[in-house]
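Protein chains: 2
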Amino acid sequence: MTVRIFSGDRAVSCIDADDRGLAYGDGLFETVLVDRGQPVWWDEHWRRLERGAGALGIACPDQAKVRGECDSVIAGSVRAVLKIQLTRGRGGRGYAASTELQPTWLVSLHASPPATPQNIALRWCTTMLAIQPALAGIKHCNRLEQVLARAEWQDPEIFDGLMCDTDGRVVCATSGNVFARIGGVWKTPGVHRCGIAGIAREWLLHRLESADECDLSPADVENADAVFLCNSVRGILPVRRLGNRDWSPDANIAAIRRQLAQDQPAFPHLES
Amino acid sequence: MTVRIFSGDRAVSCIDADDRGLAYGDGLFETVLVDRGQPVWWDEHWRRLERGAGALGIACPDQAKVRGECDSVIAGSVRAVLKIQLTRGRGGRGYAASTELQPTWLVSLHASPPATPQNIALRWCTTMLAIQPALAGIKHCNRLEQVLARAEWQDPEIFDGLMCDTDGRVVCATSGNVFARIGGVWKTPGVHRCGIAGIAREWLLHRLESADECDLSPADVENADAVFLCNSVRGILPVRRLGNRDWSPDANIAAIRRQLAQDQPAFPHLES
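Protein chains in written order, with this note's numbering: chain H, 1 to 272; chain X, 273 to 544.
Hints are computed from structural coordinates only; laboratory data are not their basis. By construction, the Cβ of each residue, glycine as well, lies at the ideal position given by its N, Cα and C atoms. Hints are supplied without guarantee of correctness; some may be wrong.
To be verified - According to the in silico footprint, chain H covers these stretches of chain X (three or more CB under 8 Å from chain H):
(1) 349-363
(2) 418-426
Stated by the list, open to error - Pulled from the structure, derived: some chain X residues nowhere near chain H, Cβ distances all over 12 Å:
(3) Lys337
(4) Arg339
(5) Pro405
(6) Val463
(7) Arg479
(8) Arg513
All chains, full assembly: derive it from the sequences and hints.
Dropping the structure here:
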């Protein structure tokens with residue numbers, strides 16, 4: 001892992017013990033696919049980071065400076081994953097933060113994840129997502145719910161788990177958003193109560209001919225005609241199994257993957 | 273600030289950029305009053321840390337080793353605040369964690385906070401606490417709700433703010449638990465849906481002649497005969513004002529403070 005760390009504009013050698021990111025998860029992150037040396041959906045990731053920084057009142061570093069450091073750690077890598085993390089900065093003890101803190105930010109390059117199976121198997125998680133509108137949608141660093149949910153299974157055949165909120169509505173997988181085809185329309189849960197406004201999810205909501213945000217129960221998803229996950233590193237992941245429900249390959253999902261591949265060649269459509 | 277950092281049994285010079293505490297708030301902390309060179313309520317703090325580590329599945333370091341390092345950073349300080357932080361360890365990218373991680377832990381010594389006023393003023397926070405039984409009670413590092421709540425005011429006359437959960441029940445202040453005297457009985461909210469099982473709170477529930485855990489509305493607290501906050505660094509803090517409600521000094525609170533001072537001389541009772 002190559003990493004560069006900054007406090008405001010200044011390069012530093014390590015994370016300080018009193019960084020508020022470490023103390024309180026007081027920060028944000030973005031995980032960006034790198035393809036042929038370029039960060040994919042950069043503008044969309046940056047806008048989400050800025051939106052999150054606004055919601056939390058964290059100073060956002062200069063985009064050009066961050067992008068320059070990202071390009072530097074990418075260093076022409078053909079395919080990799082870039083992580084950007086931003087914290088409120090160093091803060092001593094106590095929740096009160098000076099408004100004059102220099103934010104801490106770091107960029108790191110990671111190996112591309114192993115090849116994703118063409119059709120994935122999911123499970124239901126028992127860990128629930130709490131309803132917190134003040135933090136919904138943004139990609140902040142308070143992620144214990146996802147950590148606990150991901151620790152529920154070890155079976156490598158299970159690619160991810162779907163999570164419900166504490167009122168029983170389906171929200172997302174631990175590492176992606178979910179779409180279900182119901183009555184000829186793609187449906188995905190809203191992200192105003194909890195969950196993350198995924199970059200791939202946003203692309204889909206804008207590009208699909210018919211796609212709605214709406215409440216979904218676990219039964220709605222299990223009874224859907226087709227289901228897929230999406231995230232900005234892996235693109236669109238058709239689901240072949242969820243609990244006891246199996247799905248055959250779906251022509252609608254194949255069409256969406258072709259559409260994504262045309263729009264964003266970093267996600268080539270491999271006919272399965 | 274004096275700090276010592278460890279990865280498992282090994283002293284390290286700094287927090288690594290891929291520490292899961294930094295990435296996800298994947299950790300726990302304790303804030304311990306130091307009085308006459310000794311950590312106050314050490315056993316209680318350690319038990320809560322162990323309970324939290326169990327709930328999150330984080331390996332807990334050896335108590336004697338941690339205590340030795342704490343004594344070393346305390347180095348005979350007469351009065352200070354000791355912070356212990358524990359994270360799951362270093363973890364790369366992604367929520368899945370190896371079960372073989374070496375936990376990261378750090379101990380740091382901080383100046384004693386400025387003298388607390390004898391009777392404090394509170395406000396209501398608009399930031400709500402999400403209901404998440406899987407994380408309730410433990411002192412984990414996902415604290416963005418408290419950070420947002422504490423950022424709601426700058427007025428130095430306001431000592432702390434009371435927070436309600438998303439269903440409108442009173443839970444706690446940003447940095448302490450709350451007790452309200454209603455019908456001759458001390459009442460405090462439960463901590464099974466959200467909030468932290470404070471060490472001073474536990475002491476009070478065991479030592480007060482009549483104290484109940486129960487749901488409280490904001491009106492219940494505002495209409496109470498007396499209200500105090502408590503935490504393990506400052507002890508018992510009588511409330512003189514909450515929004516538009518004022519309280520006179522209360523003989524029952526004075527009696528509790530005398531009882532605490534007898535039991536734990538680190539919290540001397542100064543007659544106001």
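Here is what the structure says about each hint:
Note: the stretch 349-363 of chain X has 5 residues with beta-carbon separation from chain H under 8 Å; the three-residue rule is met and the coverage holds. Here the stretch 418-426 of chain X counts 6 residues with a CB under 8 Å from a CB of chain H, which clears the bar of 3, and the coverage holds. With a least beta-carbon separation of about 18 Å from chain H, X:Lys337 lies farther than 12 Å from that chain, consistent with its non-interface assignment. Against the 12 Å criterion, X:Arg339 stays outside the reach of chain H, whose nearest CB is about 19 Å from its own CB.
Its closest Cβ contact with chain H, about 8 Å, brings X:Pro405 to no more than 12 Å, contrary to its assignment away from the interface. At roughly 15 Å, the least C-beta separation between X:Val463 and chain H is larger than 12 Å, which holds for a residue marked as non-interface. No beta-carbon of chain H is positioned within 12 Å of the beta-carbon of X:Arg479; the least distance is around 27 Å. Against chain H, the non-interface label of X:Arg513 holds: every CB pair exceeds 12 Å, the least being about 19 Å.
Checked against the numbered hints given earlier, this structure breaks only hint 5.
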